[in-house]
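Novice: Sequence:
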Amino acid sequence: MTTVTLVLGDQLTPDIAALRYADPADSVVLLAEVADEATYVAHHQQKIALVFAAMRQFAHELRAAGRTVEYVALDDADNTGSLIGELERAVKRHQAQAVHVTEPGEWRLAHDMDGWPERLGVPVHRHDDDRFFCTPAEFSRWMKDRKRVRMEDFYRAMRRKHRVLMDDDHPTGGQWNFDTSNRKTLPREGLTIPAPPRFEPDAVTREVLELVGTRFGQHFGTLDAFAWSTTRADAERARDHFMEHALPLFGDYQDAIRTGEPWLFHSVLSPYLNMGLLDPRDLVGRAEAAGREERAPLNAVEGFIRQILGWREFVRGIYWHGMPAYAEHNALGHTRKLPWFYWTGDTDMHCLSEAIGATRDHAYAHHIQRLMVTGNFALLTGVTPAEVCDWYLSVYADAYEWVELPNTLGMSLYGDGGLLASKPYAASGKYIQRMSNYCKSCRYSVSQSTGENACPFNALYWHFLMRQRDTLGDNHRLRMPYRNLDRMAAEKREALWDQAEGFLHRLESNERV
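Numbering of the sequence shown is given in the numbering used here, commencing with residue 1213 and proceeding in unit increments.
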């Protein structure tokens, strides 16, 4: 073989660019499970197992298609533990004259690749990852000289370019965004919630689960409830189930939360999409067809498409446009340590216990749990953005830095100073009460802002606004909260400040809260 084609664990797509360019008759495909990629952050046990098992299944898929595949398992005796180490061995073993690889999704790996040709002694051909709707170069052109950087503007441009949900030059339904129709709370009864399909591990996956449990059992999470798809066929079954059973009500209830219901009407397809088992164009096309054929209402179809064609593409553009400096942003100057219970879920705050518990058990929580529960709490308490970002990257099955970092640093924490979001997503306990039934099972009272039983979110919210006034006071989207703050009696503001300070002291002392 004169070339080696490296396929990464989030590139499990049969027509990924590097595979298209490599001659099957003259190239060996290399897939390698390496410790470096499993431990650069301590990934959730289910995330590691999902990626490794899907890689093994993908190797079988490639072999069935006639490809020559060399697979290095984590427990192979000669495994070097790094991608470059495994490439060195493969190039030497096959006396390869070149390496092909698709551009990685994370800056750290792209930066490492810059030094690969010198280390390997052969050319490394890096092919653009064209599985996305927008290239990094195209996004940077869109950003150039732009006074306002907003996802909504980008989303409309993508809709126009790719002719998605468009009637001639007008958006289908007469408006671009149905977000105001996506905020219903779940009725107390009478609504059937369709659980996503969960897949019994086959022999390949069971072997990986045993390996991961042995090697990474100290990592966050549990393997007990592992039921992810590890094959393309099963990922497509999960896709079809969502389109038929959950998409019709996704629009209405995508922001809703309920105790004991980690999935609700969410697709739970992001792990498969982000690792290459599903295709974004296919998902957008199927959702659009569901709307056109009246199998799902427009607010659901547009809301789902916005997540893929809008947010997913936008955050990737922000990531590549701003890295590596983007990761260092800390616009609000936050320095607090990540609370210890983010690793255990052991807290009396029911909303946090539920969100962290679901994350521990399933390597998953939906976007409102991430944004308005764990993210909101980290924002209000002033946790260092880098620590929060590392946590999100560690604990979710769909987390890769290109998508995790902007969502966490920019949207959840306002750490980029408003590049990604026009205001901080800060909220008191009233938001959680409105969108969930969490507060009914909490020892804290959401109706109280001060006192021993007061919901911590309430005082923390006003404390956040007070301490960040110099930075946020002129934000036009915060005028109403600041007006309300100014109308308060001085004694009430002081009581809220003292309540929050007392809570933060307990937090820093590692007391149970």
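Hints are computed from structural coordinates only; laboratory data are not their basis. Some clues are possibly wrong.
Calculated lysine-lysine pairs in the DSS-like style (CA-CA distance at most 30 angstroms, straight line) [to be verified]:
hint, residue 1, residue 2
1, Lys1635, Lys1652
2, Lys1356, Lys1373
3, Lys1396, Lys1635
4, Lys1642, Lys1396
Novice: It remains to establish, for every hint, whether it holds in the given structure.
Specialist: Structure-based check of all given hints:
{"no.": "1", "hint": "Lys1635 x Lys1652", "in the structure": "29 angstroms, holds"}
{"no.": "2", "hint": "Lys1356 x Lys1373", "in the structure": "18 angstroms, holds"}
{"no.": "3", "hint": "Lys1396 x Lys1635", "in the structure": "22 angstroms, holds"}
{"no.": "4", "hint": "Lys1642 x Lys1396", "in the structure": "15 angstroms, holds"}
When each numbered hint is compared with the structure, no violation occurs for any of them.
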